[in-house]
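Each protein sequence line maps, in turn, to chains A and B. First residue of the first sequence? That's 281 in our numbering, and the numbers climb one at a time after it. First residue of the second sequence? That's 66 in our numbering, and the numbers climb one at a time after it.
Treat the hints as calculated values from the structure; they're not laboratory data. These figures come from a predicted structure and were not determined experimentally. Hints should not be assumed to be uniformly reliable.
[Unchecked claim] These stretches of chain A come out as covered by chain B in the derived footprint (C-beta under 8 Å, 3 or more residues):
1) 322-330
2) 500-514
3) 583-590
Idealized CB from N, CA, C, for every residue including glycine.
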Amino acid sequence: MPVWKKRTAAITAVAFLLLAGISACRKNTDTDPLVSSEPTAYDLDYPSHFPPMPIPSNNPMTKEGVLLGRYLYYDNLLSLNGPKSGLSCSSCHNQALSFSTNGSGTSVLPHVNLGWNKSFLWNGKVEGTMEDIMRFEVEEFFQTNLDALRNDPKYPSLYRNAFGSEEITYERTEFALAQFFRSLVSYKSEYDRVILMQGVDTYSDDEADGYLIFFSEKGDCFHCHSSTLLSDNSFRNIGLDSVFTGDNLGRYTVSQNPADIGKFKVPTLRNIALTAPYMHDGRFSTLEEVIDHYNTGVKKSPTLDPIMTKPGKELGLQLSVQEKKSLVAFLKTLTDTAFTSDKNHSSPF
Amino acid sequence: MLRQRTTLTYLILLAVFEFTSCKKDAIQTESGDMNFNIEYHADNQPLIFDTIQYSNSAGNFFSVTQLEYYISDIVLIDMEGNEIHRNDIHYINPRKDSTIQFTIAGVAMQNYSSMLFKIGLNSNTNKTGFLPPTIDNQNMFWPDPMGGGYHFLKLEGHFMDTLGAIQGYAMHLGTNACLVSCRIDKQFSLKSKSQTMTLRMNINEWFKDPNTYDLNSGNYIMGNQGQMLKIAENGKDVFTLK
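Given only the sequences and the hints, what does the whole structure look like? Please build it.
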């Protein structure tokens with residue numbers, strides 16, 4: 281064989297091998313979520329009538345960051361050998377229940393639309409950004425042992441994909457979780473379709489009556505559970521008790537301000553039909569019990585919210601049986617099944 | 066001769082041009098920003114939130130726990146009576162650091178004889194969804210079933226009723242008829258590129274002049290047009306310029 285033919289064949293073979301190798305690598309990048317060249321911006325989707333979600337410049341949302349946060353959310357490695365050993369975030373926050381739980385005695389706040397919050401937990405113990413609450417969860421609540429993550433074969437590459445290197449730190453762990461939490465956005469309930477999107481869907485008579493009760497002085501729910509987020513993120517005393525001790529002191533345990541005695545965070549009502557039990561101590565098992573509290577069960581105290589003391593309603597809303605039924609019907613329209621079934625929020629394991 | 070006339074013409078034109086330029090320079094003034102801090106008092110007492118220690122002209126002993134409002138439709142009137150309009154809408158909440166003051170930007174550095182503004186939103190802007198969908202604006206929504214738009218004012222707290230029991234009160238203003246018109250007839254000047262001035266709100270003025278308002282007669286006014294109008298009328302002079 282002439283020399284030039286041999287050289288041509290050799291060059292062709294090498295080129296073929298190179299192309300095959302490059303193709304294989306690219307194919308792995310496209311199909312294997314654990315391999316990525318560089319972070320890709322995450323398209324956080326919510327309607328324009330929602331408030332802008334604050335996202336810090338030092339932790340922009342990326343697909344790889346959200347994915348890492350999702351793995352961590354569902355992994356009990358987060359708590360290995362710590363005080364909550366064996367638990368993951370998802371142990372108490374079930375997606376089907378809007379990332380809350382149905383356990384008795386304690387009501388965990390649902391992980392929905394938290395990206396718009398500036399205070400966290402029932403008494404607002406942690407204030408600031410999502411990164412701040414994740415710092416609490418990882419370093420105080422779970423007391424995460426980072427070696428557990430370092431020794432797991434999937435995490436180095438997940439961290440590399442999200443943050444550029446395989447180094448696993450508390451900050452990166454918290455940043456990834458913050459990104460995943462911010463991705464938990466709910467805006468596709470019937471309420472959204474009927475009201476906020478102005479007529480894409482229609483209410484039944486009961487639901488419509490309940491909407492009017494909610495957004496009028498009849499029920500007066502809107503003052504605290506306002507519009508889009510269905511919470512104004514304030515702290516209020518809604519008359520659960522007249523004497524306050526222990527955890528029932530609420531916000532006072534954080535602020536030490538006597539004006540905060542008995543005040544608790546106003547939770548979102550999105551997916552409220554799924555997140556029983558209700559109130560900070562889970563004392564109410566059903567929406568009907570909650571409405572009965574507002575209807576006839578309000579207890580007075582010096583810090584009772586002024587909204588609760590309208591003339592003629594000093595001891596409650598005084599709704600009729602039918603009005604209570606309608607209000608429950610409306611509350612059920614706040615359920616977003618697209619959110620509770622979204623595979624992008626589900627366990628990746 | 067022709068050359069002389071031409072030269073004279075040119076000189077006259079040049080003089081006119083220069084005169085015009087100078088006159089234009091003479092009426093141009095620099096502009097700056099007026100930054101308004103807001104203080105809160107109940108008559109002569111500085112407002113401290115959450116403490117029942119203030120007394121109004123109706124004899125109510127009360128506290129303030131929440132105060133939010135909008136300032137809009139600002140008009141500055143100069144010494145010649147010329148009006149400078151600013152359409153900015155400012156959300157104010159003295160309990161939130163980011164919203165305790167507002168700025169009127171780019172106004173002429175000169176003397177002003179008075180200032181007008183509204184507490185609330187005019188009928189063109191008082192429509193659900195008109196304002197940017199910030200959390201603050203959304204928390205101020207006036208429900209659509211009750212007419213829509215926004216709360217103009219939320220003034221809430223506790224007071225001692227006639228039996229000495231602690232009750233709550235909520236003075237919520239909304240609807241176009243309850244827009245509050247304020248006028249401050251006091252000369253002031255903008256003398257620098259950025260100058261801070263102080264407005265003072267006297268909480269007690271919400272409860273008097275022209276209507277002495279007793280919280281025992283109605284501690285929750287939202288939806289009661291008659292009571293809202295009384296408070297709105299009183300609001301005309303809640304502000305003074307320090």
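Evaluated hints:
1. 322-330: holds (count 3)
2. 500-514: It holds: at least three residues are needed, and the region 500-514 of chain A offers 7 whose Cβ sits within less than 8 Å of chain B.
3. 583-590: holds (count 7)
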